[in-house]
Amino acid sequence: MITNQVPNSELEKLIEAARQEPGRALEQEFYSAREFHTADMRSVFRKQWLLAGHVSSIPERGQYFLFDIDKESIIIVRENEDCVNAFYNVCRHRGSRVCLEKEGRRKLLTCPYHAWTYGLDGMLKAARLMPEGFKKEEYGLHACHIRLFEGLIFINLSNGTLPDFDEAYRSMLPLARQQGLATAKIAFKQSYPTKANWKLVAENFMECYHCQPAHPEYCVVHPQDQVLAFGAGPGSGSDEAAAAYQPTLDLWEAESSTMGYLNDTIDAGVFSLGMQQAVRYPINPQKGFLSETIDGSPACKKLMGDFRQADGGETALAFNPFSYVLASNDFAVMFRWTPRDEMNTDVEVTWLVHEDAEENVDYDPRNVVHVWDTTLKQDKKITEDNQSGVCSESYQPGPYSTQEARNVVFKQWYLDQLELLL
Amino acid sequence: MITNQVPNSELEKLIEAARQEPGRALEQEFYSAREFHTADMRSVFRKQWLLAGHVSSIPERGQYFLFDIDKESIIIVRENEDCVNAFYNVCRHRGSRVCLEKEGRRKLLTCPYHAWTYGLDGMLKAARLMPEGFKKEEYGLHACHIRLFEGLIFINLSNGTLPDFDEAYRSMLPLARQQGLATAKIAFKQSYPTKANWKLVAENFMECYHCQPAHPEYCVVHPQDQVLAFGAGPGSGSDEAAAAYQPTLDLWEAESSTMGYLNDTIDAGVFSLGMQQAVRYPINPQKGFLSETIDGSPACKKLMGDFRQADGGETALAFNPFSYVLASNDFAVMFRWTPRDEMNTDVEVTWLVHEDAEENVDYDPRNVVHVWDTTLKQDKKITEDNQSGVCSESYQPGPYSTQEARNVVFKQWYLDQLELLL
Amino acid sequence: MITNQVPNSELEKLIEAARQEPGRALEQEFYSAREFHTADMRSVFRKQWLLAGHVSSIPERGQYFLFDIDKESIIIVRENEDCVNAFYNVCRHRGSRVCLEKEGRRKLLTCPYHAWTYGLDGMLKAARLMPEGFKKEEYGLHACHIRLFEGLIFINLSNGTLPDFDEAYRSMLPLARQQGLATAKIAFKQSYPTKANWKLVAENFMECYHCQPAHPEYCVVHPQDQVLAFGAGPGSGSDEAAAAYQPTLDLWEAESSTMGYLNDTIDAGVFSLGMQQAVRYPINPQKGFLSETIDGSPACKKLMGDFRQADGGETALAFNPFSYVLASNDFAVMFRWTPRDEMNTDVEVTWLVHEDAEENVDYDPRNVVHVWDTTLKQDKKITEDNQSGVCSESYQPGPYSTQEARNVVFKQWYLDQLELLL
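Protein chains in written order, with my numbering: chain A, 1 to 422; chain B, 1 to 422; chain C, 1 to 422.
It should be emphasised that the hints constitute simulated quantities derived from the structure, not laboratory data. Remember, it's a predicted structure, so these values are computed and weren't measured experimentally. It cannot be assumed that every hint is accurate.
[To be verified] Where chain B lies over chain A, by a calculated footprint (3+ residues, C-beta under 8 Å):
| no. | region |
| --- | --- |
| 1 | 208-214 |
| 2 | 381-391 |
| 3 | 397-404 |
[Stated by the list, open to error] Not everything, but these chain B residues come out facing chain A in the computed CB check (under 10 Å):
| no. | residue |
| --- | --- |
| 4 | S73 |
| 5 | N89 |
| 6 | C91 |
| 7 | H93 |
| 8 | T110 |
| 9 | H114 |
| 10 | W116 |
| 11 | R128 |
[Stated by the list, open to error] Now the stretches of chain A that chain C is said to cover, found in silico as 3 or more residues with beta-carbon under 8 Å:
| no. | region |
| --- | --- |
| 12 | 95-101 |
| 13 | 120-129 |
Where a beta carbon is used, it is the ideal one built from N, C-alpha and C, also for glycine.
Full structure from sequences and hints, please.
Here's what the structure looks like:
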């Protein structure tokens, strides 16, 4: 790459200043400068494990889908029953994209430009008319790191030290297994492309301070005590709110345990790889809600995973600030945000149900998606209006409320990632 | 902001070279380089008083409209009968836009993101769940300087020394009052977004050398001697043209004075705040035109301000190179240009009539707007074609004609503003 | 221009590295960095003779067309029967575009802004109200270098040493004359705007390695031995392929010579101005094809130039990597690529037929354009997918096949041009 034009010293100064104000949002440059986009890509998105999709979208040998981030396109393809591979979608000959459709099925990966042909294992199988001395074995597709986690596909774009996946996420396995993610199937997918820096998208998802003014439907589903204490996961509200909520939580956990369900809480903290968290809590015990739907009734007749009867709980898995699963007993929602550039973020959301659930028999997709689709459309709008205001010269980061405690953690985590890079 | 990437020394060299050629337009960089856009914003648009709108659009308490310039959005809101306020449209919490619609009416200014709520005086009235020690009085909306001038609303984005509004514009008051601007109402608004640097838009409006080739309708309305002498205000034509026109002007002024009307001329000159001018002259005495309409007949039955009978005069008020009012006895036109970026300028035009004039009874809006709407569409086109050619490497600033005398003044004024900054 | 922000030393390093790998495509920066676009414009497109159009589009005095490249617009206008001129489309007064329509006819070139009026020879004929001392003779339109070559119009944007046109292209005259290009007329024009760097467009046209996978129609028309040996002109295939093809070529040349036709081959080599080549070869002698149409039958009843009976040959004239003519006995195709910016290239193609050929009588335009229109749409797609992949951080230039021999020559030629500049 052509040399970066803003000296690191300039970025360092801004990072240092940000450290001085842990209780406030970031300064404008972090949300708008191309230089921070470049730094974020290297320090965060080319280092972290990224939730790319779900195995159920590629059950058959040769099925693939593309995962796009920044300037990259990654082919995620099933080689066989036991193996899913990830490759950079860049021909080793002259660099053409090899797969052009967002998803499909192929016996071999043949580049449409000059027909270099790769196996599902990425090895170059055929290249016509190459000069003597050409070694096919040197020209396999560049592999991308990939891990499966209970059906969730994670990739990693790192070309240096690879952060240990298992160590980071092992403790989250039991809740993921109980939810039956590995055998789920996709019910619906939706994109919410957002004209805002990815950190504004991420910060929005880390606090429920905005839920009351901006998400009326969400606040019909979730009771106020939960929104205040736990609205964006453990630690997102004040200690007081958490304490006030604890009896309700305890009562529900006792009931849920009686049904045989696991409800432990994981919070790996600010020094962990991705601030990962896992937790279960009741959706709305006051109203006896069984699912995260507008009236609390299940959206799918077949419950997921180990659930035989609904306990009305929600499983929340946060792998990092841009990879989440939120799940009721009967359906799960996968969320991912990926930066396009400093001012644009792809928001991609996938709803999962039990593999045997039949559309329009066991579930109406409109019920499954309703609450989060509504909420995500609202989030897109408020996040874009946030970006617009942040670009004003008059913008100054204001103080966080007590209900934005998780944002304080994120800010420290994010600055730590940047400093590791510099 | 991230450090500017072109050293000031480079800009200074270009400014110095421009000084050497007072009789020619500016070099390409002034019209196309991002660095000059940044410099213009700081030296001109964040320093000058900007014509933002008219009070008649917000007669009721809580009515507001947004004024956009560059990356800024300003809320202009009526607090009460006596007071109109201007605030940066940026929440003091996390920076969201507070008002999202271009205009509306609100009892309180509540941010849609987290519901921080401000009074119409900008003071923070409510913010839920803030930590102890939080002082609401420190988090009012950032105020923007505002002045009313006979119903015209001016704002100023300066965060340093504020140029004295009254001193600059006091002498223009009598003509503005005679025109009755304070009590006028809006008949029509139109935007002409122009793909050109704001200086090309401004320069176009400062000379009538282009009127004959480019504005046939305008040249039906205005006689050639006036176009030559005065087409873009006093001093826009040659001394010869001015001398040739003087008898016609004198004759008309005598008649107008008999009717009791004021016709003094103000020309504050190149060293003034905004090159402000105020003047009256006849629209077309040869043809007996009473208004700036295609056939000279009034477009509105109710005359404005002090006018009881039409004297066929035009009042021209130039507050600075991007804020103007041009008025016949029966209607007035407000013009403002605001830069979007180095290659895009918003051209916003508002037509005013007497407050009691009734649409389709006293005036047909199509007649009111016809001449200037036609002329502004032509200006948009020629200015965009000018920008296109200026971006050629072969572009060299040519010499001004004698009918572009006002452009010479503008060039000096503009370079002076830039140098004050450096 | 504002000082370039990447030091030349950085570009030099990349050029030097590229030299070390003659058998591979260029690194990413050459295809994506703004700095290389700037360098390419100066070292290649402002130095080379550019195929701009054909005289038959402007047969009458005063007829003109515009040729756009990068930020430039060039007026190509017929002054009289013997003379076609080229001027920068930039008024010498304030820089407006003078001609606004893509083509037209004018007695004089009058700027629409202030009516400065130029003759068809570019001399300023009229400028109203200019100050004393103004010398019209100093303000003619800036001329652009122009040369006619058998009806083809070439222009040159150089403002320094002008490369000798005649010396470079003299040897290509006989084949161009035999083809009758000078008296041809335009049958059809089409644009294929391509989101890719111009070098990816050029490289695509220099190899037929992609023809088999990407151009099924083209490979119906042209036999495999020719595609392999000669698919993108002499020297584009391996020596083996050329040797294998030679007997077929010799046999056809003998037949063609019997008919009295010229078939010499020119290949000026890597050190020439534009790697110019001229050659004739049979389209498909195995199938007896007479023209480059889908079934080999002529698309136009009237043959071009000296051809009295079809010899089934194709004349290929390569003036430089962005200016070509490919011609059957009955029609010719002019190709030009011009950069818009580092990621966008205009691909403009014109089909020519005999001047007396009558549309829908002698030729059906759909037959004339079919093969190349199909092929160019495919090229647009594969080139854009190539650009997309080249922008990945994982992109590494792979080795050329033996059928991409011409790309090796281009790479050396291109790097030579860049180094001449630095």
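Going through the hints against the structure:
no., hint, verdict
1, 208-214, "holds (count 5)"
2, 381-391, "holds (count 7)"
3, 397-404, "holds (count 7)"
4, S73, "holds, 7 Å"
5, N89, "holds, 7 Å"
6, C91, "holds, 6 Å"
7, H93, "holds, 4 Å"
8, T110, "holds, 8 Å"
9, H114, "holds, 5 Å"
10, W116, "holds, 8 Å"
11, R128, "holds, 7 Å"
12, 95-101, "holds (count 5)"
13, 120-129, "holds (count 3)"
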